[in-house]
Amino acid sequence: MSSPLLQVEELRKYFPIRGGLLRGVKAQVKAVDGVSLVLQPGQTYGLVGESGCGKSTLGRSIIRLYEPTAGKVILDGADITHLSRKEMLPYRERMQMIFQDPYASLSPRRTVSQTLREPLDIHNKGDRNTRDKRVRELLDVVGMSQRALNRYPHEFSGGQRQRIGIARALALNPRLIIADEPVSALDVSVQSQVLNLVADLQREHGIAFLFIAHDLAVIQHVSDRIGVMYLGKIVEATDSRTLYASPKHPYTRALLSAIPLPEPGRKRSRIVLGGDVPSPANPPSGCPFHPRCPDAMDRCRTEIPAPRELGTPAAPHEVSCHLYD
Amino acid sequence: MNTAAEVMEAEALSDAAAESLWTKGLYKFRRDRVGLWAFAVVLLYVGVALGVWLGFWATGWADLAGEKWEPVSSAHWFGTNIIGQDIFDRAIYSTKTSFEIGLVVAVLATALGGILGAIAGFFSGSWLDELILWLMGVLDSIPFLLFVAAIAYTLQGNPYSMHIAMVVTFWITAGRLVRGEVIKLKEMEYVDAAHALGVPEYTIIFRHILPNTSHILLVQATITFVAAIKSEVILSFLGLGVKDGMSWGLMIAESSQEVLAGFFNNFLSASVLLFGLVMAFNLFSDALQDALDPRTVSD
Amino acid sequence: MAEPLLRVRDLAIEFDTQYGTVRAVDGVSFDVYPEETVGLVGESGCGKTVTGLSLLGLIPKPPGRIAAGSIEFGGRDLATASEEELRKIRGSEISMIFQEPMTALNPVFTIGNQMADVLARHKGLTNSQARTEAIEMLARVGIPSPARRVDEYPHQLSGGQRQRVMIAMALSCNPKLLIADEPTTALDVTTQAQVLEQINKLQEEFRMAVILITHDLGVVAETCQRAMVMYCGKVAEQAPIAELFAQPRHPYTAGLLSSIPRIREDRPEHLPIIAGRVPDLLHLPAGCRFAARCERALDRCQTEQPELGEQTASAACFNPVPL
Numbered sequence: 001m002s003s004p005l006l007q008v009e010e011l012r013k014y015f016p017i018r019g020g021l022l023r024g025v026k027a028q029v030k031a032v033d034g035v036s037l038v039l040q041p042g043q044t045y046g047l048v049g050e051s052g053c054g055k056s057t058l059g060r061s062i063i064r065l066y067e068p069t070a071g072k073v074i075l076d077g078a079d080i081t082h083l084s085r086k087e088m089l090p091y092r093e094r095m096q097m098i099f100q101d102p103y104a105s106l107s108p109r110r111t112v113s114q115t116l117r118e119p120l121d122i123h124n125k126g127d128r129n130t131r132d133k134r135v136r137e138l139l140d141v142v143g144m145s146q147r148a149l150n151r152y153p154h155e156f157s158g159g160q161r162q163r164i165g166i167a168r169a170l171a172l173n174p175r176l177i178i179a180d181e182p183v184s185a186l187d188v189s190v191q192s193q194v195l196n197l198v199a200d201l202q203r204e205h206g207i208a209f210l211f212i213a214h215d216l217a218v219i220q221h222v223s224d225r226i227g228v229m230y231l232g233k234i235v236e237a238t239d240s241r242t243l244y245a246s247p248k249h250p251y252t253r254a255l256l257s258a259i260p261l262p263e264p265g266r267k268r269s270r271i272v273l274g275g276d277v278p279s280p281a282n283p284p285s286g287c288p289f290h291p292r293c294p295d296a297m298d299r300c301r302t303e304i305p306a307p308r309e310l311g312t313p314a315a316p317h318e319v320s321c322h323l324y325d
Numbered sequence: 326m327n328t329a330a331e332v333m334e335a336e337a338l339s340d341a342a343a344e345s346l347w348t349k350g351l352y353k354f355r356r357d358r359v360g361l362w363a364f365a366v367v368l369l370y371v372g373v374a375l376g377v378w379l380g381f382w383a384t385g386w387a388d389l390a391g392e393k394w395e396p397v398s399s400a401h402w403f404g405t406n407i408i409g410q411d412i413f414d415r416a417i418y419s420t421k422t423s424f425e426i427g428l429v430v431a432v433l434a435t436a437l438g439g440i441l442g443a444i445a446g447f448f449s450g451s452w453l454d455e456l457i458l459w460l461m462g463v464l465d466s467i468p469f470l471l472f473v474a475a476i477a478y479t480l481q482g483n484p485y486s487m488h489i490a491m492v493v494t495f496w497i498t499a500g501r502l503v504r505g506e507v508i509k510l511k512e513m514e515y516v517d518a519a520h521a522l523g524v525p526e527y528t529i530i531f532r533h534i535l536p537n538t539s540h541i542l543l544v545q546a547t548i549t550f551v552a553a554i555k556s557e558v559i560l561s562f563l564g565l566g567v568k569d570g571m572s573w574g575l576m577i578a579e580s581s582q583e584v585l586a587g588f589f590n591n592f593l594s595a596s597v598l599l600f601g602l603v604m605a606f607n608l609f610s611d612a613l614q615d616a617l618d619p620r621t622v623s624d
Numbered sequence: 625m626a627e628p629l630l631r632v633r634d635l636a637i638e639f640d641t642q643y644g645t646v647r648a649v650d651g652v653s654f655d656v657y658p659e660e661t662v663g664l665v666g667e668s669g670c671g672k673t674v675t676g677l678s679l680l681g682l683i684p685k686p687p688g689r690i691a692a693g694s695i696e697f698g699g700r701d702l703a704t705a706s707e708e709e710l711r712k713i714r715g716s717e718i719s720m721i722f723q724e725p726m727t728a729l730n731p732v733f734t735i736g737n738q739m740a741d742v743l744a745r746h747k748g749l750t751n752s753q754a755r756t757e758a759i760e761m762l763a764r765v766g767i768p769s770p771a772r773r774v775d776e777y778p779h780q781l782s783g784g785q786r787q788r789v790m791i792a793m794a795l796s797c798n799p800k801l802l803i804a805d806e807p808t809t810a811l812d813v814t815t816q817a818q819v820l821e822q823i824n825k826l827q828e829e830f831r832m833a834v835i836l837i838t839h840d841l842g843v844v845a846e847t848c849q850r851a852m853v854m855y856c857g858k859v860a861e862q863a864p865i866a867e868l869f870a871q872p873r874h875p876y877t878a879g880l881l882s883s884i885p886r887i888r889e890d891r892p893e894h895l896p897i898i899a900g901r902v903p904d905l906l907h908l909p910a911g912c913r914f915a916a917r918c919e920r921a922l923d924r925c926q927t928e929q930p931e932l933g934e935q936t937a938s939a940a941c942f943n944p945v946p947l
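Line by line, the protein sequences are chains A, B and C. Using the numbering used here, read the first sequence as starting at 1 and increasing by one per residue. Using the numbering used here, read the second sequence as starting at 326 and increasing by one per residue. Using the numbering used here, read the third sequence as starting at 625 and increasing by one per residue.
One or more hints might be untrue.
[What the hints assert, rightly or not] Heads up, simulated DSSO-like pairs for lysine-lysine below, C-alpha to C-alpha not over 30 Å straight-line:
no., chain 1, residue 1, chain 2, residue 2
1, B, Lys353, B, Lys511
2, B, Lys509, A, Lys86
3, C, Lys712, C, Lys800
4, B, Lys555, B, Lys568
5, B, Lys511, A, Lys26
6, B, Lys393, B, Lys555
7, A, Lys125, B, Lys511
8, B, Lys393, A, Lys86
9, A, Lys86, A, Lys26
10, A, Lys86, A, Lys72
11, A, Lys72, B, Lys511
12, C, Lys685, B, Lys353
13, A, Lys26, B, Lys509
14, A, Lys72, A, Lys133
By construction, these hints were calculated from the structure, which means they are not laboratory data.
Sequences are here, hints too, so could you generate the full structure?
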């Protein structure tokens with residue numbers, strides 16, 4: 001097994017809530033509360049969860065858009081958690097990001113050509129000609145016409161803009177792309193086009209993905225390994241086949257059963273959770289899921305469950321739940 | 326609910342030329358009747374001012390060209406003033422003065438406001454932001470006329486003391502507007518993308534964020550232009566403004582005696598021309614704002 | 625078969641935009657029977673929301689208008705009814721709930737206030753009577769501690785709860801028809817499950833018809849008895865649910881169903897896609913609007929527009945997918 005491309009160790013990101021006359025810190029929003037994961041080169045790790053679970057914050061903390069409060073991010077064996085902007089530059093070539101909102105992820109007054117050239121300019125890649133060539137290449141890779149070069153973002157549809165965003169992320173030949181809900185804002189018929197593009201990039205260029213989404217069906221389609229997040233922690237992590245075949249954590253089971261399937265007449269016993277998704281500013285005591293959990297025991301109210309390894313070294317399956325203690 | 330936008334959803338990549346947001350704005354502007362007329366009037370004034378500056382006409386504005394208080398005639402289109410100077414020439418010459426002040430102040434104040442506002446907004450909450458806000462607060466609380474007088478005195482009658490005073494006071498509005506807009510814009514994902522690419526912070530501010538406030542800056546510049554001209558009139562009237570040269574403010578000041586004696590030409594010429602420019606520019610500025618409003622221009 | 629509750633015939637809705645006049649809905653016809661749930665499905669820009677809004681006369685009048693067609697309900701034609709008549713119907717006979725509960729609820733009034741407003745207007749209740757009834761409604765839609773919640777403001781509730789409050793308000797006067805415009809799109813999956821279950825339960829209890837507007841085929845499959853698929857302002861296919869999903873006849877419906885990522889045992893390398901993009905409503909092609917993206921397009925499709933029932937009763941297609 002080659003050495004991992006990305007290792008995240010006990011990462012935490014807390015946001016202070018300020019209040020009062022002197023704007024002191026009143027409380028913390030624990031958006032990411034101790035997350036660890038490993039990503040091998042060329043693999044796709046799917047991070048799934050509902051709003052407030054911290055998956056987006058996790059992605060942004062890994063790429064240093066947010067400064068991690070605690071824990072480590074190790075890229076290609078190097079600890080990049082606290083590097084300065086200058087020191088981060090060479091690592092930025094290896095790790096890039098694509099965003100959710102196609103209408104906000106491209107600078108409105110820059111042409112496509114300018115947007116795609118920027119990464120090459122900042123990192124001094126080759127001379128002018130090489131860069132221009134590379135820009136054209138990128139448009140080909142994402143399946144867009146060369147006519148797009150002199151256009152402005154507002155002249156494109158959501159799906160096309162998303163592809164331009166992907167082209168920008170590819171410019172520096174990254175080994176890892178963090179995709180933050182890249183298809184959630186797209187129409188259904190366009191989603192599949194972009195998902196196919198992502199699958200091609202995985203296969204043909206060996207790019208690893210940290211794919212963040214709330215749609216389990218989308219996640220299953222692209223991921224090798226999946227981590228289910230709830231209120232800042234990963235509650236279950238295993239390979240995608242096992243997750244769908246034998247989910248262990250009650251939340252994972254509820255999530256799977258909540259997905260409306262386009263298969264009418266199929267009788268399902270649906271697990272409908274009571275209550276609402278809690279806010280990370282005010283997490284419940286003990287296991288964060290206990291107020292909504294159909295299998296909650298007394299212990300769950302007071303003790304936070306530790307992650308347990310239920311699988312084999314070849315096929316690890318980690319679950320954080322007292323049912324398996 | 327956004328049904329019109331829903332309707333506009335899919336735009337095919339046609340053979341038409343690339344359309345920047347400016348082109349779209351221009352297209353919108355061209356359909357605004359009032360705006361176009363206002364713009365035409367402004368251009369007329371610009372032409373006049375340019376001619377004066379190049380020495381084509383009104384060079385003899387200080388000459389004693391005629392008799393005291395001559396009425397309107399073919400030799401003197403607006404008549405003459407109390408000492409026999411041609412009012413028309415003086416009024417035309419003043420156009421150049423107004424434009425000079427308006428442009429210098431508008432450009433400098435807007436630039437200063439844009440830069441400081443962008444920096445304050447981008448680093449909002451930090452000491453830099455607090456510093457710039459404090460500066461804005463302090464300068465804003467000094468009464469304008471006193472400020473001009475103080476600067477004029479300090480600079481020992483430097484002819485640009487008026488310009489300096491105006492720039493130092495007028496940049497604040499632009500600064501506040503830009504700061505507010507930048508605070509919003511820096512949360513956009515394209516700014517995140519630039520960070521993720523390793524683009525240095527100041528490059529992000531000036532390459533990605535500030536250009537997206539340019540519609541605000543342009544409109545603010547036109548408003549500042551008008552404010553500068555109007556302020557000059559008051560300052561010149563009080564003797565704090567234009568020192569050498571002629572302006573509508575000076576004309577109005579010197580005409581106060583004439584009006585008491587029943588001779589209105591001087592007063593009217595200056596006032597009407599001033600009113601014309603201010604009105605036209607205001608209407609132009611309104612039309613410009615409508616045309617450049619990103620909510621209607623972009624998708 | 626009972627009489628239809630709602631009869632829409634040849635509905636056409638236009639908008640004036642800076643680039644010209646656009647027909648967002650172009651000749652749509654359908655019926656809704658009492659106590660059934662009908663789905664109106666399609667992607668963004670297909671005209672489903674506009675259709676829903678037009679039933680209650682909620683299309684903003686300056687840029688938009690009902691250009692043609694009729695909407696028969698309770699013996700009246702809603703397409704030509706006066707604002708006065710429409711106001712009497714809204715909330716009492718036909719109710720609507722929207723996608724974003726935060727913008728549909730007024731943030732400066734309490735929940736109780738807003739509900740009482742509706743109750744007072746349509747049922748003529750006094751303040752205290754209205755409050756009691758509001759608390760009852762909140763309990764019925766599954767809001768815990770309704771007596772306390774009734775005095776809270778919208779921002780104090782979660783997304784799912786706000787949506788339920790909107791449902792409570794919509795049902796407070798026992799309407800015959802509920803139009804739900806993407807009611808769960810903005811909600812998390814687990815909350816969505818709750819709200820859909822609630823809508824199903826209430827539909828049975830109140831014995832009303834529901835038009836569910838959505839882009840999510842999964843939601844349609846689980847809640848509706850019949851569905852209409854819209855594309856580019858027209859109805860592409862209309863069928864009972866089981867048929868629609870098991871044997872879609874229109875190539876668009878078929879393409880849509882197969883391109884949705886689904887949880888499968890063995891996942892495919894590539895998802896089947898529908899090539900191309902939805903055409904610009906300002907530059908509509910001459911023939912069938914789906915022809916450019918259709919694998920089954922014939923020559924005829926480029927020049928003639930198919931209507932529902934061409935080759936098969938349920939689809940508007942000259943060359944429908946064979947059984």
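Going down the list of hints, with the structure as the test:
no. : hint                     : in the structure
1   : Lys353(B) with Lys511(B) : holds, 28 Å
2   : Lys509(B) with Lys86(A)  : holds, 26 Å
3   : Lys712(C) with Lys800(C) : holds, 13 Å
4   : Lys555(B) with Lys568(B) : holds, 16 Å
5   : Lys511(B) with Lys26(A)  : holds, 26 Å
6   : Lys393(B) with Lys555(B) : holds, 29 Å
7   : Lys125(A) with Lys511(B) : holds, 27 Å
8   : Lys393(B) with Lys86(A)  : violated, 75 Å
9   : Lys86(A) with Lys26(A)   : violated, 34 Å
10  : Lys86(A) with Lys72(A)   : holds, 19 Å
11  : Lys72(A) with Lys511(B)  : holds, 27 Å
12  : Lys685(C) with Lys353(B) : holds, 22 Å
13  : Lys26(A) with Lys509(B)  : holds, 25 Å
14  : Lys72(A) with Lys133(A)  : violated, 37 Å
The structure shown violates the earlier hints numbered 8, 9 and 14.
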